[in-house]
Amino acid sequence: MYAAQLTELMKTYYMGDNVVRALRGVTLDIPTGDFLAIMGSSGSGKSTLLNLLGCLDRPSSGKYMLGGVDVSTMSDDKLSGIRNKMIGFIFQSFNLITQYTVLENILLPLQYRQGAPTITSYDEKRCIEIASRVGLAQRLDHRPFQLSGGQQQRVAIARALINDPEIIMADEPTGNLDSVTATEIMQILKDLNAEGRTIIMVTHEPDVAIQTKRQIYMKDGLVAGEGIFAYESTAQPVPH
Amino acid sequence: MNTQFFRTVRLAIKSLLLHKLRSGLTMLGIVFGVFSVIAMLAIGEGASSQAQRQVLELGATNIIVRSVKPPDDGENTASSSNSRVLRYGLLEKDYRLLTAIPTITQTTPMREIVKQARYQHRQLNVRIVGCTPEYLTINHLNMAPGGRFLTGHDLDSLENVCVVGSQAAAVLFPYEDPLGKIVQLENQAYQVIGVTNERTASAAIGGSMSGQDYNKDVYIPLTTMKVRFGILNVQRSAGSFSAEQIELSQVTLQVASKEDVISTAEVVRESVERNHPRSKDYAVVVPLELLKQADQIRYIFNFVLGSIAAISLIVGGIGIMNIMLATVTERTREIGIRRALGAKRSDIINQFLTETIVLSGTGGLVGIFLGLMTPVAFTGLKFAVNQFVLSGSSGTSDISRIFLEMQPQVAIWSLPIAFGISVAIGVIFGVYPARSAARLDPIEALRHE
Ligand SMILES: Nc1ncnc2c1ncn2[C@@H]1O[C@H](COP(=O)(O)OP(=O)(O)O)[C@@H](O)[C@H]1O
Ligand SMILES: [Mg+2]
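For the record, the sequence lines run as chains A and B.
Sequential numbering of the first sequence, starting at 1, is according to the working numbering.
Sequential numbering of the second sequence, starting at 241, is according to the working numbering.
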């Protein structure tokens with residue numbers, strides 16, 4: 001069973017006369033329950049790939065099966081629904097809504113649920129459960145600027161979990177954090193993976209990547225290698 | 241659907257409250273736009289209903305035929321230079337002709353002259369009206385208790401009796417009961433037999449600017465007037481002398497039903513025309529026709545004033561759009577986050593459109609509240625005009641009197657319209673910012689600093 005399957009996925013950006021081939025044919029199978037680290041140098045196409053995986057964008061060509069459904073040609077509205085229901089996002093810069101409290105931030109994805117049902121007391125109970133799980137039970141009324149970076153990232157994780165997604169996409173989740181906090185965040189992600197969620201994470205830190213189950217290495221819009229050692233021996237990427 | 245709607249509205253209110261000052265200032269444009277629409281319409285309504293009331297005071301079933309001094313052309317001066325007396329106006333034979341029209345139920349001929357009335361040392365220029373008993377009912381006058389109006393007997397026996405208008409009575413008899421007292425009307429003695437109640441002025445007729453004020457009238461029998469005052473109206477001014485001969489100043493005719501008024505007026509015009517083939521020395525005033533004109537004027541008035549006020553609403557709308565565009569830019573990152581978390585383009589459109597509508601709708605409600613205060617504000621305005629504009633000038637002109645007597649009337653129908661317009665302004669000027677928010681690419685938006 002695969003959480004995601006990419007076949008010859010390409011993404012080309014046209015900027016005037018300039019053609020940027022950000023992804024040049026990525027073929028990749030991600031089994032359910034995987035914990036994948038995408039590595040590679042800056043500009044190699046990691047974020048582009050993660051955006052496609054997260055249904056924030058559509059490929060120029062190729063096929064993307066998400067949970068057994070072809071999403072490569074889905075409409076914008078359908079993709080919005082999939083992002084809401086199946087995917088949880090964690091960003092490097094947290095991306096919390098500053099004027100909202102912790103509780104409101106965590107509840108935000110519920111607002112865009114299919115049919116937009118009212119937020120029930122069950123939802124709020126779940127929200128508090130998730131918040132206590134990431135250690136935020138005492139901070140529900142705080143606003144993001146009153147929290148440390150590590151706490152803000154915990155809010156983002158809680159928010160990513162509120163709709164109980166199958167896949168969590170994280171773009172350098174520890175990039176803005178000190179190493180102690182980074183370790184704590186990684187522990188939470190590992191726990192989430194342990195309960196069966198697929199996690200796809202972009203990182204360029206080997207000591208973060210090494211804590212995942214599997215690492216791929218991107219170069220010039222292609223998957224250039226797999227395994228933690230592929231990253232260290234950049235001169236000789238292991239063929240895929 | 242409903243819960244979603246309320247959630248969106250709550251969300252909009254919340255985000256508007258984040259920038260209270262900015263939201264408030266943005267709203268001001270709509271507030272004053274709506275206020276001026278309501279105020280303009282209220283002033284228009286007030287002015288026209290004042291005009292309407294005055295026309296109705298003339299009597300909706302009445303037809304008034306009045307003597308009018310003809311324009312000073314060659315023909316008239318020729319005749320008047322011979323006799324030094326200007327003869328014009330309605331004749332008694334006109335009156336006899338008019339009484340024969342079958343649809344007319346009541347008639348009253350009348351002749352008026354302006355003279356001084358005196359009681360002891362108090363004096364007042366009054367309009368002396370020589371008339372018949374029917375004058376009372378046709379002109380909707382009422383008698384104050386105790387007195388009576390002129391009777392047929394008074395006319396037949398040429399009694400020297402008079403009925404005094406309420407204001408004239410108040411000036412001449414401030415401390416006494418006028419009944420039974422003798423007033424001097426140009427050195428002739430008349431006994432007061434009654435006082436009329438106060439009556440609101442009616443519309444101006446027969447080319448004179450001022451409305452008819454009944455309260456300073458003194459009524460005497462028409463026959464008595466003819467005998468005692470003669471048939472000439474003599475005016476002396478600064479050494480020159482002029483005399484006019486007018487048999488009847490006015491004939492008021494009452495028609496049985498409103499439906500017959502217009503057709504009867506045609507017959508009246510034709511009848512009088514027969515005796516006055518060449519000179520246009522009379523006027524036929526049909527209050528019902530005036531009423532229709534007044535209605536038309538009212539529509540034009542409302543339309544023009546409303547349009548002027550609508551411009552300020554549009555300016556308010558542009559102000560809102562400007563701020564909303566700035567808000568969209570400022571909140572690009574937030575839009576990206578919401579999109580990543582599953583918001584559809586339509587969710588983003590709804591969010592921003594709702595904010596604009598809440599903003600303009602709230603502005604509209606505040607504007608309506610201010611609009612309801614129009615009469616109060618207008619009273620203040622009148623006070624200011626009285627104090628600073630009219631304080632220097634002696635006596636009040638007709639225009640300023642009309643202004644001072646006018647009372648704006650907030651038209652109830654203008655309130656939902658004003659609110660609807662303000663919401664519509666929110667929709668119209670909110671669509672573009674909302675769409676530009678929804679068009680943002682989620683990835684670009686997320687990257688936005
Ligand atoms: N929206 C875009 N328009 C044009 N070029 C882009 C866009 N996004 C990314 N690129 C280009 O695609 C390539 C891959 O970018 P990206 O996926 O962000 O790399 P990484 O995340 O590995 O640093 C880069 O050359 C980048 O300049
Ligand atoms: Mg990147």
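Don't read these hints as lab results, they were simulated from the structure.
Where is the CB? At the ideal position from N, CA and C, for every residue including glycine.
Where hints are given, some of them may not hold.
Not everything, but these chain B residues come out facing chain A in the computed CB check (under 8 Å) [claimed, not checked]: (1) Q244; (2) R679; (3) P682; (4) I683.
Hint check:
| no. | hint | verdict |
| --- | --- | --- |
| 1 | Q244 | 4 Å, holds |
| 2 | R679 | 11 Å, violated |
| 3 | P682 | 5 Å, holds |
| 4 | I683 | 5 Å, holds |
Checked against the numbered hints listed earlier, the structure breaks hint 2 alone; every other hint is satisfied.
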